[in-house]
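The sequence shown begins at 1 in our numbering and counts up one residue at a time.
These are computed hints drawn from the structure, not numbers from a lab.
Please note that a few of the clues may not be correct.
Unchecked claim - Restricting the straight-line Cα-Cα distance to at most 27 Å, the calculated cross-link-like pairs of lysine-lysine (DSSO-like) are:
{"hint": "1", "residue 1": "Lys76", "residue 2": "Lys87"}
{"hint": "2", "residue 1": "Lys84", "residue 2": "Lys74"}
{"hint": "3", "residue 1": "Lys74", "residue 2": "Lys87"}
Said to hold, decoys possible - Quick list of the computed label-pair ranges, beta carbon to beta carbon:
{"hint": "4", "residue 1": "Ser8", "residue 2": "Lys38", "range": "45 to 53 Å"}
{"hint": "5", "residue 1": "Gly51", "residue 2": "Ser8", "range": "21 to 29 Å"}
{"hint": "6", "residue 1": "Val50", "residue 2": "Asp77", "range": "24 to 32 Å"}
{"hint": "7", "residue 1": "Gly51", "residue 2": "Lys84", "range": "32 to 40 Å"}
{"hint": "8", "residue 1": "Val50", "residue 2": "Ile91", "range": "27 to 35 Å"}
{"hint": "9", "residue 1": "Lys74", "residue 2": "Pro102", "range": "33 to 41 Å"}
{"hint": "10", "residue 1": "Ile66", "residue 2": "Ser37", "range": "22 to 30 Å"}
{"hint": "11", "residue 1": "Ser37", "residue 2": "Leu95", "range": "12 to 20 Å"}
{"hint": "12", "residue 1": "Pro103", "residue 2": "Asn45", "range": "17 to 25 Å"}
{"hint": "13", "residue 1": "Asn9", "residue 2": "Ile58", "range": "30 to 38 Å"}
Here a beta-carbon is modelled for each residue, glycine too, at the ideal position from N, C-alpha and C.
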Amino acid sequence: MMNQQSESNNGLVAAAMLAAGIGCFFLGLTTSLAQGSKVIGGMLNFYNPVGPLGGKTIVAVVVWLIAWGVLASKWKDRSADFGKIYKVTLILVGLGLLGTFPPFFDLLGH
């Protein structure tokens with residue numbers, strides 16, 4: 001049987017969820033930036049056969065891992081406002097999806 005303290009300790013779950021939202025947001029951000037700027041697109045081109053797609057995903061994954069590690073270390077023994085974290089995560093995922101949507105990033109041109 002779990003005690004009251006461990007039941008309310010949701011910090012690690014909240015950290016994982018928010019970090020996923022941050023990673024999604026950065027994927028959308030790098031996608032839009034690479035589409036809108038030849039310079040940024042070139043900087044994200046780590047491997048020519050793949051083009052900037054590889055750099056976009058690598059940056060997003062690195063940001064996600066860093067965010068997850070930092071948030072998990074800060075929130076591991078705490079209880080987070082799960083409802084608020086959930087809403088922020090949904091907003092970040094939505095913005096990330098918008099950033100990868102061609103009609104949106106085509107507005108930025110090249």
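Item to check | Straight-line alpha-carbon gap Lys74 to Lys87, limit 27 Å | outcome: 20 Å, holds
Checklist entry - Honestly, do Val50 and Ile91 meet the 27 to 35 Å range at C-beta? => result 30 Å, holds
Checklist entry - Within 21 to 29 Å or not, the Cβ separation of Gly51 and Ser8? => result The hint (21 to 29 Å, Cβ to Cβ) is violated, given that Gly51 and Ser8 are roughly 47 Å apart.
Item to check | Straight-line alpha-carbon gap Lys76 to Lys87, limit 27 Å | outcome: Distance ~20 Å between Lys76 and Lys87 Cα, so the pair holds.
Checklist entry - Taking the CB of Pro103 and the CB of Asn45, does the distance hold inside 17 to 25 Å? => result 24 Å, holds
Next on the checklist: Tell me if the beta carbons of Val50 and Asp77 are separated by a distance inside 24 to 32 Å.
Outcome noted: 41 Å, violated
Item to check | Pair hint Lys84 and Lys74, alpha-carbon separation not exceeding 27 Å | outcome: 17 Å, holds
Checklist entry - Has the hinted range 12 to 20 Å been met by the Cβ atoms of Ser37 and Leu95? => result Holds - the Cβ-Cβ distance for Ser37 and Leu95, about 19 Å, lies within 12 to 20 Å.
Checklist entry - At the C-beta level, are Gly51 and Lys84 separated by a distance inside 32 to 40 Å? => result 38 Å, holds
Next on the checklist: Quick check on a hinted range of 22 to 30 Å for Ile66 and Ser37, using CB atoms only.
Outcome noted: Check passed, 23 Å falls within 22 to 30 Å.
Item to check | Assessment of proposed distance window 45 to 53 Å (beta carbons of Ser8, Lys38) | outcome: Cβ of Ser8 to Cβ of Lys38: about 50 Å, so the range 45 to 53 Å holds.
Checklist entry - Taking 33 to 41 Å as the hint, is the beta-carbon distance of Lys74 and Pro102 inside that range? => result Given about 37 Å between the Cβ atoms, the range holds.
When the structure is compared with the earlier hints, violations turn up for hints 5 and 6 and for no others.
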